Amino acid sequence: MSNVPLPPRFVPTLTEVFQPAPAALQTLAPGTLSPEQQEQMVMRVLQRIDMTLERRLREAVGQLILEHTETLVPHLREEIEQVVRQSVNHAFDQEVTQLPIQP
Numbered sequence: 001m002s003n004v005p006l007p008p009r010f011v012p013t014l015t016e017v018f019q020p021a022p023a024a025l026q027t028l029a030p031g032t033l034s035p036e037q038q039e040q041m042v043m044r045v046l047q048r049i050d051m052t053l054e055r056r057l058r059e060a061v062g063q064l065i066l067e068h069t070e071t072l073v074p075h076l077r078e079e080i081e082q083v084v085r086q087s088v089n090h091a092f093d094q095e096v097t098q099l100p101i102q103p
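Using the numbering used here, the first residue of the sequence shown is number 1, and each one after it goes up by one.
Hint data in this document are derived by calculation from the structure and do not stem from the laboratory. Quick caveat, the model's predicted, so the values are computed rather than measured. Just so it is clear, CB atoms sit at the ideal spot from N, CA and C, and this is done for glycine as well. Do not rely on the hints blindly, as some may be mistaken.
Pair ranges (Cβ atoms, derived) [claimed, not checked]: (1) R58 <-> Q19: 35 to 43 angstroms; (2) M43 <-> Q19: 27 to 35 angstroms; (3) P100 <-> V61: 53 to 61 angstroms.
Model the full structure from these sequences, guided by the hints.
So this is what it looks like as structure tokens:
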């Protein structure tokens, strides 16, 4: 047995061996693609960016709307309560003034 200490149980360790990317996937020199290929590549990259931006913006806007809604709810409740109280008081006052006075 060797005296090499084992890493703690919950420390992540590298278990995969990574190989260099195949030559076809490595960075291409600027002049190796035809203008049509360059244009196609640019269009594909822009489409990917567009999809990613759209998704991330949707998530960000959704989160902001949720946060603002959560802070807005108490204020809305207070306003609604005040309007209902005023309406009930006004209606009650009108009914009271229309009642016949009994001796």
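Going down the list of hints, with the structure as the test:
1. R58 <-> Q19: 35 to 43 angstroms: Between R58 and Q19, where Cβ atoms are some 36 angstroms apart, the hint holds.
2. M43 <-> Q19: 27 to 35 angstroms: holds (30 angstroms)
3. P100 <-> V61: 53 to 61 angstroms: Holds - the Cβ-Cβ distance for P100 and V61, about 59 angstroms, lies within 53 to 61 angstroms.
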